[in-house]
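Undergrad: First to last, the sequence lines map onto chains G and C.
Mapping to the numbering used here: the first sequence position 61 is 61, numbers consecutive.
Mapping to the numbering used here: the second sequence position 53 is 167, numbers consecutive.
Since the hints were derived computationally from the structure, they do not count as laboratory data.
None of these values were measured; they are calculated from a predicted model.
There's no promise every hint is true.
As the list claims (entries may be wrong) - Here are the in silico distance ranges between beta carbons for each label pair:
no.	chain 1	residue 1	chain 2	residue 2	range
1	G	C13	C	L125	20 to 26 angstroms
2	C	N141	G	Q14	18 to 24 angstroms
3	G	Q41	C	N208	19 to 25 angstroms
4	G	S53	C	N167	47 to 53 angstroms
Unchecked claim - Which residues of chain C face chain G? A few of them, derived with a C-beta cut under 8 angstroms, are:
no.	residue
5	A124
6	Q148
7	P154
8	R156
9	F160
10	L163
11	I164
12	Q212
13	F213
14	F215
15	T217
16	P225
The C-beta atom is built at its ideal place from N, Cα and C for all residues, glycine as well.
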Amino acid sequence: SAVISQKPSRDICQRGTSLTIQCQVDSQVTMMFWYRQQPGQSLTLIATANQGSEATYESGFVIDKFPISRPNLTFSTLTVSNMSPEDSSIYLCSVEVIWNTEAFFGQGTRLTVV
Amino acid sequence: SQKIEQNSEALNIQEGKTATLTCNYTNYSPAYLQWYRQDPGRGPVFLLLIRENEKEKRKERLKVTFDTTLKQSLFHITASQPADSATYLCAASNTGNQFYFGTGTSLTVIP
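Assemble the whole structure, with the sequences as input and the hints as a guide.
TA: So, in structure tokens, the structure goes:
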């Protein structure tokens with residue numbers, strides 16, 4: 001199993017600013033992911049955070065808007081850049097210890113952009 | 115594109131009854147289906163995984179089925195309790211590929 005600590009748990013930000021979300025795992029994991037969960041919507045994968053190389057982004061998400069760092073196998077950050085109210089959402093960090101088995105999630109970051 | 119659909123309406127049931135939640139998938143042939151529980155303000159928590167070659171999986175009061183002909187998974191909670199009230203998410207995936215999540219079904223168990 002894996003225990004994930006994600007912070008901040010919530011924030012209210014001004015439009016045009018950036019917020020960096022941190023994800024710390026209690027063990028080394030290869031596969032780490034960032035999701036967005038908008039109200040009433042399913043979890044949408046933003047990107048796979050790759051240790052030591054650039055993240056792999058899904059369609060509709062770009063590095064300039066959502067830069068991701070993964071300096072080691074236990075830590076990653078997601079930045080939401082130049083925020084607008086449309087970025088208001090819950091952002092979730094997730095890991096898979098063994099591929100295609102259960103995913104472990106952080107508690108999420110509830111972001112409100114005003 | 116692939117689509118994972120769950121009961122869009124909230125489900126209310128009486129305590130002690132069996133809750134049945136539905137997950138349908140289209141334009142996709144997953145090798146795995148997973149079910150998660152999500153409480154307000156929390157991340158999803160894994161409950162059960164079922165593979166395409168398994169018809170049924172059980173864990174305590176939970177049961178999951180996987181029907182590749184109907185392209186559907188059913189999630190059952192027997193002897194439901196108010197503590198089972200939460201949103202339940204279905205996720206589909208193939209080997210080496212990302213998970214695709216449904217929008218979730220909100221379950222309320224009434225005492």
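Undergrad: Mind listing which of the numbered hints don't hold for this structure, in increasing order?
TA: 1, 2, 4, 5, 7, 11 and 16
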